[in-house]
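Undergrad: From first to last, the protein sequence lines are chains S and R.
Note that the UniProt record's numbering has the first sequence beginning at 1, numbered continuously upward.
Note that the UniProt record's numbering has the second sequence beginning at 1, numbered continuously upward.
Source of the hints: derived by calculation from the structure; they are not laboratory data.
A virtual CB, placed ideally from N, CA and C, is assigned to each residue, including glycine.
Careful: at least some of the hints might be erroneous.
[What the hints assert, rightly or not] Some residues of chain R that are not near chain S, with every Cβ distance over 12 Å (derived):
{"hint": "1", "residue": "A26"}
{"hint": "2", "residue": "L29"}
{"hint": "3", "residue": "I82"}
{"hint": "4", "residue": "L151"}
{"hint": "5", "residue": "A162"}
{"hint": "6", "residue": "I178"}
{"hint": "7", "residue": "L213"}
{"hint": "8", "residue": "A225"}
{"hint": "9", "residue": "A276"}
{"hint": "10", "residue": "P296"}
{"hint": "11", "residue": "L301"}
{"hint": "12", "residue": "L310"}
{"hint": "13", "residue": "A334"}
{"hint": "14", "residue": "I342"}
{"hint": "15", "residue": "L357"}
[Claimed, not checked] Per the computed footprint, the stretches of chain R lying under chain S, defined by three or more beta-carbons under 8 Å from a beta-carbon of chain S, are:
{"hint": "16", "stretch": "44-56"}
{"hint": "17", "stretch": "241-250"}
{"hint": "18", "stretch": "254-263"}
[Claimed, not checked] Quick list of simulated restraints, FRET-style, between CB atoms:
{"hint": "19", "chain 1": "R", "residue 1": "I39", "chain 2": "S", "residue 2": "R55", "range": "39 to 47 Å"}
{"hint": "20", "chain 1": "S", "residue 1": "S125", "chain 2": "R", "residue 2": "V347", "range": "39 to 47 Å"}
{"hint": "21", "chain 1": "R", "residue 1": "P28", "chain 2": "S", "residue 2": "S69", "range": "44 to 52 Å"}
{"hint": "22", "chain 1": "R", "residue 1": "T210", "chain 2": "S", "residue 2": "E58", "range": "58 to 66 Å"}
{"hint": "23", "chain 1": "S", "residue 1": "S69", "chain 2": "R", "residue 2": "L236", "range": "30 to 38 Å"}
{"hint": "24", "chain 1": "R", "residue 1": "V347", "chain 2": "S", "residue 2": "E58", "range": "54 to 62 Å"}
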Amino acid sequence: MSAVIEARSLGKRAGRATLLDGVGLTVAAGEMVAIIGPNGAGKSTLLRLLSGDLRPSEGEVRLNQRDISSFTPRELAARRAMLSQHINVTFPFTVEEIVLMGAGDRSMRDAGPLVEAALDEVGLSHFRARQLPTLSGGEQQRTHFARVLVQLACGEAAHGPGLLLLDEPTSSLDLRHQIDLVEAARRRAAGGTAVIAILHDLNLAIRFADRLVVLNGGKLAADGPRADVVTRETIRDIFEIDAVVHRGDDGVPYVLPQSMRAVMPHLSPTGRGRIA
Amino acid sequence: MSVTIGTDTRSPRRHAGTGRRSASVAIPLLLAALAATAIVALTVGAAGIPLSRLPTALGLAGNTTTDAVTARDQLVLWSIRIPRIAATAMVGGLLAAAGAIMQGLFRNPLADPALVGVSSGGALAAASAIVFTDSRFGEAFRFLQTELLPLAAFAGSLATTAILYGISSRAGRTSIAIFLLAGVAITAIANAGIGLLVFIADDRQLRDITFWLLGSMSGATWTKAAVLAPILIIGLAACTLIARGLDLLVLGEADAFHGGVDVERLKRISIVMVSAMTGVAVSVSGVIGFVGIVVPHLLRLIIGPAHRLLLPASVLLGAILMVGADTLARTIVAPAEMPIGILTAAVGAPVFLGILLRQRGLTVL
Numbered sequence: 001m002s003a004v005i006e007a008r009s010l011g012k013r014a015g016r017a018t019l020l021d022g023v024g025l026t027v028a029a030g031e032m033v034a035i036i037g038p039n040g041a042g043k044s045t046l047l048r049l050l051s052g053d054l055r056p057s058e059g060e061v062r063l064n065q066r067d068i069s070s071f072t073p074r075e076l077a078a079r080r081a082m083l084s085q086h087i088n089v090t091f092p093f094t095v096e097e098i099v100l101m102g103a104g105d106r107s108m109r110d111a112g113p114l115v116e117a118a119l120d121e122v123g124l125s126h127f128r129a130r131q132l133p134t135l136s137g138g139e140q141q142r143t144h145f146a147r148v149l150v151q152l153a154c155g156e157a158a159h160g161p162g163l164l165l166l167d168e169p170t171s172s173l174d175l176r177h178q179i180d181l182v183e184a185a186r187r188r189a190a191g192g193t194a195v196i197a198i199l200h201d202l203n204l205a206i207r208f209a210d211r212l213v214v215l216n217g218g219k220l221a222a223d224g225p226r227a228d229v230v231t232r233e234t235i236r237d238i239f240e241i242d243a244v245v246h247r248g249d250d251g252v253p254y255v256l257p258q259s260m261r262a263v264m265p266h267l268s269p270t271g272r273g274r275i276a
Numbered sequence: 001m002s003v004t005i006g007t008d009t010r011s012p013r014r015h016a017g018t019g020r021r022s023a024s025v026a027i028p029l030l031l032a033a034l035a036a037t038a039i040v041a042l043t044v045g046a047a048g049i050p051l052s053r054l055p056t057a058l059g060l061a062g063n064t065t066t067d068a069v070t071a072r073d074q075l076v077l078w079s080i081r082i083p084r085i086a087a088t089a090m091v092g093g094l095l096a097a098a099g100a101i102m103q104g105l106f107r108n109p110l111a112d113p114a115l116v117g118v119s120s121g122g123a124l125a126a127a128s129a130i131v132f133t134d135s136r137f138g139e140a141f142r143f144l145q146t147e148l149l150p151l152a153a154f155a156g157s158l159a160t161t162a163i164l165y166g167i168s169s170r171a172g173r174t175s176i177a178i179f180l181l182a183g184v185a186i187t188a189i190a191n192a193g194i195g196l197l198v199f200i201a202d203d204r205q206l207r208d209i210t211f212w213l214l215g216s217m218s219g220a221t222w223t224k225a226a227v228l229a230p231i232l233i234i235g236l237a238a239c240t241l242i243a244r245g246l247d248l249l250v251l252g253e254a255d256a257f258h259g260g261v262d263v264e265r266l267k268r269i270s271i272v273m274v275s276a277m278t279g280v281a282v283s284v285s286g287v288i289g290f291v292g293i294v295v296p297h298l299l300r301l302i303i304g305p306a307h308r309l310l311l312p313a314s315v316l317l318g319a320i321l322m323v324g325a326d327t328l329a330r331t332i333v334a335p336a337e338m339p340i341g342i343l344t345a346a347v348g349a350p351v352f353l354g355i356l357l358r359q360r361g362l363t364v365l
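Given the sequences, and given the hints that come with them, work out the whole structure.
TA: Right under this line is the structure:
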């Protein structure tokens, strides 16, 4: 399978701080990758580098075998779509108008069916005429997801399978809509899209992705199939918690975090994961 | 925090579905309203021209006999009233569109060239030009005063906008709070400069400078209308270029970029346009506040915030409001004339407060 996106020894510095250091990552068409890691691990930085929004301090990002900085914003938008974490819309745009923004210069007459389908997929058809700032956080997040789906569909119609980047897409969603969103992303991957998502919910990440990329302290800590990556040891090393890892009937692991004190009462508060 | 999501807890006003249907008729309606306002403005004034005499005076009626009354009407219309109405309409259009663009650029309905000192910067530069060309050092440039004033106002506006953007933007992000506060500071600096010029100016210069500060259309001529027209036409053409980008910019700079917008280019075009439009308007009319806030705000409530329609509609409604305000300004204290800036501020400031209150309401929601 050909690589849709390829990052080579990627580094990003901001002042004296190193946000990302020597990260390499290749994602092929139809692949679903979840990026996990503790706060400040460099997950969002990595995603913004992969989106072309940030320029790396070292290394390079190649999209469809071409240096990502050589694309114009418009060319880039036709090949990768990205859902950011926090979007605050100040003007009274309606849900439909926001979703239509994903369709570029196309009017509602041309992009109507795509907008309809995306609104339907996120379950917001009945809110199409509502002004976005009046919706709840989760509903707003789903609206932006619909917009990103429309952008992806428009780009893929012209250039074939694209790249979908999701930065904590489920952070404001209830359980049902978390599953809905993840399944929508899975459908895109089944159609050939390369999907990369940052997820904080470990179990959702495991369910969602065949492959997990673990970042810690700006470095790549692990990258592989979920069964290999999700072990009690990895979780202890990366998240500094003790967890029980079970395997479901289908062999897919799931993680049950334990209270550190309950499991290891001898662990000092400053011990930070060291087992005495 | 508990959040109730049931639709019944929200006011029906927020179901904005029906309001947007007016979009397709907004431009024709606004054009008709502008025409009606202009006709009223043509008939009212120190020398009243009743509606019945208007077609003859404009040369539209078949009557070719030119009596004394018609001759006087024609003189009043063609050399005073029509250029003034044309210039006033264009100033209103430019100010309103500049406000709408600046609000889009900063994703804030309260951004306005006059409020954040862009107009003051232009006025300071214009006042400097007045005093300089009148001084011993600037004597050589005195014959250029007419040409120099709009250029100075434009340069002052451009410099102010660039400084504002530089202060409030860091690493591709623009802080709205810092932007508005910096605007207050820059307005104060510009006003200090204007104060200094007022202090050193002689009586004649003082009158000219006061004109900039209060705003007035009384100096409108065909020449000034001719300066405004190309900027307005270029501005309208550029509006179609940046409308979609400004729409996407509401998502934030990073997400506008993700959506395919060349954000840096959009910002550059917008800043130059706001400066040019404000600068040239200020050079003709002086500082006129609140048109840039009130017009786009009213329109967003009626036709929605999409810039493809908002920008041209702002030009039209800005023109209507300014022609109406100017007609009022030259009639309510006739034969004297009230500075139009006083009128727009008296109407605009309460609307501005209304927006603040409404925003507070939204935050509480």
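Undergrad: Out of the numbered hints, which ones does the structure contradict?
TA: 10, 11, 12, 16 and 19
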